[in-house]
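Heads up: the protein sequence lines correspond to chains A and B, in order.
Everything in the first sequence is counted per UniProt numbering, starting at 1 for the first residue and increasing by one.
Everything in the second sequence is counted per UniProt numbering, starting at 1 for the first residue and increasing by one.
In short, the hints are calculated from the structure, not lab data.
Each hint should be verified, as a subset may be incorrect.
[To be verified] Quick list of the computed label-pair ranges, beta carbon to beta carbon: (1) A:Q385 / B:S92: 31 to 37 Å; (2) B:D54 / A:G394: 35 to 41 Å; (3) B:Q52 / A:I486: 53 to 59 Å; (4) B:A45 / A:G394: 20 to 26 Å; (5) A:V482 / B:E51: 52 to 58 Å; (6) B:G64 / A:Q385: 35 to 41 Å.
[As the list claims (entries may be wrong)] EDC-like mimics (lysine to aspartate or glutamate), calculated; alpha carbons at most 16 Å apart, straight line: (7) A:K229 / B:D39; (8) A:K229 / B:E74; (9) A:K229 / B:D77; (10) A:K102 / A:E232.
[To be verified] Incomplete in silico selection of chain A near chain B, CB under 7 Å: (11) G231; (12) E232; (13) V233; (14) P235; (15) R491.
For every residue, glycine included, the Cβ atom is placed at its ideal position computed from N, Cα and C.
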Amino acid sequence: MDNITSLLGGFSDVLSPINLLIALLGVTVGTAVGVLPGIGPAMTVALLLPITYGLEPIQGLILFAGILYGGMYGGSTTSILLNTPGESSSVVTAIEGNKMAKSGRAAQALATSAIGSFVAGTLGTLGIVFLMPPVVKFAVSLGAPEYLAIILLTFTGVTAVLGASRIRGLTALLLGLTIGVVGIDFVTGQQRLTGGVPQLADGIDIVVVAVGIFAVGEALWVAAHLRRKAGEVIPVGRPWMGRSDWARSWKPWLRGAALGFPFGALPAGGAEIPTLLSYTAEKKLSKHPEEFGHGAIEGVAGPEAANNASAAGTLVPMLALGLPTNATAAIMLAALQGWGIEPGPLLLNKEPELVWALIASLFIGNTMLLLLNLPLAPAWAKLLQIPRPYLYAGILFFASMGAYAVNSQPFDLWLLLVLGLLGFAMRRFGLPVLPLIVGVILGPLVERQGRRSLQLTGGDLNGLIGGPVAWVCYFLIVLALVWPLISLVRRRRGGSDKGGRGPDGGRGPDDLANVKAGTSINSSEA
Amino acid sequence: MTVLVGFVPNPLGEAALTAAVAEARRRDEPLLVVNMSRDDVLVDAHRAGQEQLDIVRRDLEDLGMEFEVRRVEEGGDAAQVILDVAEAEQASVIVIGLRHRSPVGKLLLGSAAQRILLDATCQVLAVKES
């Protein structure tokens, strides 16, 4: 019951007027950026990063957590009303949600996704309360080689398991690792990849990388595709649900939460796979399978619950291990480093107030979101009428200001532009952004852990493969990388055996690829 | 010579259309209905759906009018589009709906109706919602 006591302590820290105000600001901004396609919580957190360096760490984290949860709520609104997913995790919601909206049931679709998100978000946050301390206890006992193996597993997860293509994922990861090593080597003091430019000796600040890739890259991408026919306004009433809607929604909510949380909590999680699994499960279990494809409420309730639970789940590896599995968590980690707090297994022991206050703020933010979203849904839908030039001019302004504020040197603005062009090129060639950001943030960490392991053994490579935890991780990595080969061989052998089901949901990525190909979303947000 | 009406799917647009029909009959000229939606926003409240345009077409057919319904989907400036079409079609009169705007609203967003009134080379009939 230690957890509950600590959580209550967290509540008492959060429940001050200024913190509540920051939480409200976070969820409002989060919902707004979630509604707008292409602008997601990750970009917003990156843009706000320089501003939060002036705040207390706890207030900054409350703000970011509000944006993370708010983005999940807002994304569903766009999916339902516009059939353009605001977030990659809302792709599945669009399938049934937009059909419901077109048949005049937009209010019910919005209601089931908002209430489902609340239920799943609350359950997911409870999951953090109970799951995180044991994970921390386990993680503290790990040595450098095991920790290295877990980070490498995360790399494999975000590159090979998530996203449509392994090669593209690995390319993006490599780009990220390359950006991560720029600067002075911390062991030997040599300059690496600086090209003799003195400003690069300190490395490239994560703010510049994140803002360049997310904000400038996205703005350039939109500028290249500015002209698109406008959609029609779908009238949104105040969201409400009838008795039969409740009866058909509550089970998918719980099932979605149960599917989403574990996937989010895995070091190779993400929200796409559980939303898809939830959709498939609801389709199989539904008493009205004929309605699927024509606006079945279960197909909105389940995936929406799953993506919120998974957003909660991603905070477990982030807080317990210092490992981000989505882009927003990655930038939250960068923010922690910016405040001089070392993320990792020791975070909970060193900064218990911070962690528990963050978790308490999640409960509060989630409740605020429900209150904010049910009555205000029509107002959020109005955001879609903002002309793109206004929107992106604002984003570019904040991006440049943020990048300049880091070191107050004009050089960073050039760097921002170069990284923005890189972000544009990545979108053009379909490279996912998440592996790059994870690479930039975890790259230096991997290097440190790897070298520490090698120093411990005096340079013997066997030192990298110590302990059963490491063995399991390396086994999973090899499995994930070799899986396409295995399934290829199996498919060739037996034509009737259609690929087979992977032990860890190996079919997920293929199905996901289809969904992604079906709806045109650039993979910039996670 | 034609009567050009800027149509939007709301009561104001209906009022403008009704006035345009009367004007076209009085002048004995064909009617050109233009619905403009911007291409730099995700959704545009001024965009008339296919269904709404079909209703307009049916109503005008029932009235026995000579007419054309045109949808413009490019560009970001409704006033400019209406003015360009008026020039190209040599419209004798432009019919637009005029809505009350507060001073702050005008300051923030400008007014398409105001620009048409000031910049048009032909006559302009401004209609208030009845």
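A quick look at each hint next to the structure:
Taking the beta carbon of each, A:Q385 and B:S92 are about 33 Å apart, inside 31 to 37 Å as hinted. With their beta carbons about 38 Å apart, B:D54 and A:G394 fall inside the hinted range of 35 to 41 Å. Taken as a hint, the range 53 to 59 Å holds for the pair B:Q52 and A:I486, whose Cβ atoms sit roughly 55 Å apart. The beta-carbon spacing between B:A45 and A:G394, approximately 21 Å, falls within the hinted interval of 20 to 26 Å.
For the hinted restraint 52 to 58 Å between A:V482 and B:E51, the CB-CB distance of approximately 54 Å keeps it satisfied. Under the hint 35 to 41 Å, the C-beta atoms of B:G64 and A:Q385, about 37 Å apart, fit the expected range. Straight-line distance between C-alpha atoms of A:K229 and B:D39 comes to about 5 Å, which keeps the hinted pair within the 16 Å bound. Using a Cα cut-off of 16 Å, the hinted pair A:K229 and B:E74 holds, with the two alpha carbons roughly 7 Å apart.
Restraint check for A:K229 and B:D77: the C-alpha separation of about 14 Å stays at or below 16 Å, so the hint holds. For the given pair, A:K102 sits about 11 Å from A:E232 by alpha-carbon distance, which is consistent with the 16 Å threshold. At a threshold of 7 Å, the smallest CB-CB gap from A:G231 to chain B is about 4 Å, leaving the interface hint in force. Because the closest C-beta pair between A:E232 and chain B is about 5 Å apart, less than 7 Å, the hint holds.
Below 7 Å, beta-carbon pairs count as interface contacts, and A:V233 has one with chain B at about 5 Å; its hint therefore holds. Interface restraint check: A:P235 against chain B, minimum CB-CB distance 10 Å, threshold 7 Å, status violated. Hint status for A:R491: violated, given a least beta-carbon distance of 41 Å to chain B, over 7 Å.
Hint compliance for this structure: hints 14 and 15 are not met, and every other hint is.
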